[in-house]
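Colleague: Guided by the hints, dock chains B and C onto chain A, whose structure is given.
Chains as they are written, first to last, in the working numbering: chain A, 1 to 260; chain B, 1 to 260; chain C, 1 to 260.
Worth flagging that the hints you see were computed from the coordinates, not collected in a lab. Be careful, since some hints might not be right.
From the structure, some residues in chain B lie toward chain A, with a derived Cβ separation under 7 Å [stated by the list, open to error]:
| # | residue |
| --- | --- |
| 1 | 65 |
| 2 | 75 |
| 3 | 84 |
| 4 | 136 |
| 5 | 141 |
| 6 | 144 |
Please read these numbers as outputs of a predicted model, since none were measured by experiment. Heads up, the beta-carbon is just placed ideally off N, CA and C, and yes, glycines get one too.
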Amino acid sequence: MTPGKTLQSLHAQVPLVHCITNYVAMNIAANVTLAAGASPAMLHAPQEVAEFVPMAGALTINIGTLSDTWVEAMMIAAQTAQARSVPWVLDPVAHFVTTYRAHVAKDLLAQRPSIVRGNASEIIALAGGDGAGKGADSGDSVTDAQASAIDLASRTGCVVAVTGPVDFATDGQRHFTVRGGSDLMPKVTALGCSLTALVGAYAAVTSPLEATAAALLHFSEAGERAARSCQGPGSFTAAFLDQLHALHPDDLDDGRMIWL
Amino acid sequence: MTPGKTLQSLHAQVPLVHCITNYVAMNIAANVTLAAGASPAMLHAPQEVAEFVPMAGALTINIGTLSDTWVEAMMIAAQTAQARSVPWVLDPVAHFVTTYRAHVAKDLLAQRPSIVRGNASEIIALAGGDGAGKGADSGDSVTDAQASAIDLASRTGCVVAVTGPVDFATDGQRHFTVRGGSDLMPKVTALGCSLTALVGAYAAVTSPLEATAAALLHFSEAGERAARSCQGPGSFTAAFLDQLHALHPDDLDDGRMIWL
Amino acid sequence: MTPGKTLQSLHAQVPLVHCITNYVAMNIAANVTLAAGASPAMLHAPQEVAEFVPMAGALTINIGTLSDTWVEAMMIAAQTAQARSVPWVLDPVAHFVTTYRAHVAKDLLAQRPSIVRGNASEIIALAGGDGAGKGADSGDSVTDAQASAIDLASRTGCVVAVTGPVDFATDGQRHFTVRGGSDLMPKVTALGCSLTALVGAYAAVTSPLEATAAALLHFSEAGERAARSCQGPGSFTAAFLDQLHALHPDDLDDGRMIWL
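This is chain A alone, in the form it adopts within the complex (with noise of 0.2 Å):
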């Protein structure tokens, strides 16, 4: 399918998109999956994850913001989709800042993600590497972190999506990248969050690797489309919505994506 179509599917289907993210995140990622054309729900009591994720059309669990009560319903959530296969991404947020939620986010892999997406530090970390990033903010560049995407999808079977100025992203054997967005993205906070929760959109109406390829040049495309007519990263952050809510699944086949 190609991403065009894919999207096609996402508007045909408006599937249901369970999302535990992080505070910051929920509102801008709510309505990122909105705007694109799926339906976004966030709960996270772990009284009920378990009932709802076979109802969704995909899960998205981000680690942004952890407690003790949230870990426990991530931890039931991505054993319910593994359980039920319900596919699921998860976005492992500076996993490697501190102790605790490296090992959330070594527990979760272990549940089998169908994707991965994350800044290049956090995946060269996720592989075992040693990556330069200090927070939320990735301090090594998306090529420094092929190798170990490569490594992570062999090993663990998941689509690795590692985002950046170019996005790369490999099922472990095939692998391609996606050039768009704007300089401004970083500079509005949970876009990466609001990402994955898109990943999960489009998880929810075809295979891992499409999903993940429909969902970087859905966003590359109305990133690069909401830079030229905004002033900074409050009106970008507008223009955005707009052009994720406008693109057509004709504008996805535009050659931005390369495979390698």
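Modeller: The following block gives chains B and C in isolation, referenced to the frame of chain A:
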């Protein structure tokens, strides 16, 4: 009191509205309430809600994102509002999707809210019917929910508002519709939750039925105006807050409300 | 160091700022901090804050929305900052409205923040006076709070900043005002909380008093510029982030700060 006079009272009194709402909605609900002319206060610790509720002009409780300590605080707050005659508004977000939230909604409804605001699927399910909702978005039309709303209002003594392309509200005996808004509004997350906060703001200055009418009119008018000057859901949100803030009392008395 | 030079340092160092803030503020505070040129990190698990605080250039703690585990993390974070000489900023949001939050504010103040930022009612009450505040909005003027601010600064050794239409800051001996901003700013939720995060960003690169000056100037200048090109509180927010991002160091040295 006409809706215009009600807005005048809101502007004159700047009521303090205690909002216990979900993580996705917190920021936008506070911004909607502030833009419209009230003063929102978000706090939810079980240790402090009983002390705070009596200081507020109204309380709103939205169950979008739950966990045990939040549910505990919601119950204390609702009981306090009931005991101290503080008007309060219940927003039973997606209460039918899990057993856990169904119980929470039922327990809160037993605390006799002044007003219940929900989408069609939520109101149908709250009245005991079988709706087509799957997540936070409605799967039913407002018209389909009218009988349920009237039934629920009659049985509980609450005003019930069902919102959608054309809103419907009832106290069990008197019913009205409000048309307006924009089809972009369901593409922006948590606008329904934000409307609940605004209903609360108005409930601090007038009766539940008049408060509901004024809030629905304020929202619909601002939404319709905002849609004229925007390019999509991102620019809509900014324009909507601008319009909520700019509306004059006279703007609410324009005939978009019809008594049935 | 002049305010302009301080902004230059901020841009050169891109300090990591650990923000423990309320749910309403998280997204906008992160966006303000990013737009201004720093790198915010939001995390609050009691298990990880002691490990993270020493990696950050500064810590900010805002008590807007509380619960037990958050309070536990705030105390650990403040103690760690104190022990490891990491500058930290306290924002005692509406601390006087309930007994619970009054205790939290008092306990945190005992951990000797480098800077306290609040509105007039909050600072008056923190210094032991009787203000007219009722919720998160101030009921007192900044001028009314000057004596309280000086008293509080003298007794605690903190820099105290009272923000409002004209801001006032003091280390107990030196005092200054900053004029600017826009009367739309109180119509946007959590801008005060976001200013606290920005004060933290600057505290990572210079002394508490200079950091406070630079942050107040950056905020006031951006607010005044944003107000010129907006139609209300919604479009103001986008324009404000754009202006925070666009300001040059020279823009902060323009005379809107007056030493008393």
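Colleague: It remains to establish, for every hint, whether it holds in the given structure.
Modeller: We went through each hint and held it up to the structure:
1. 65: holds (6 Å)
2. 75: violated (15 Å)
3. 84: violated (28 Å)
4. 136: Where the cut-off is 7 Å and the nearest Cβ of chain A is about 6 Å from residue 136 (chain B), the hint holds.
5. 141: violated (16 Å)
6. 144: This interface hint is violated because 19 Å lies over the 7 Å limit.
The structure shown violates the earlier hints numbered 2, 3, 5 and 6.
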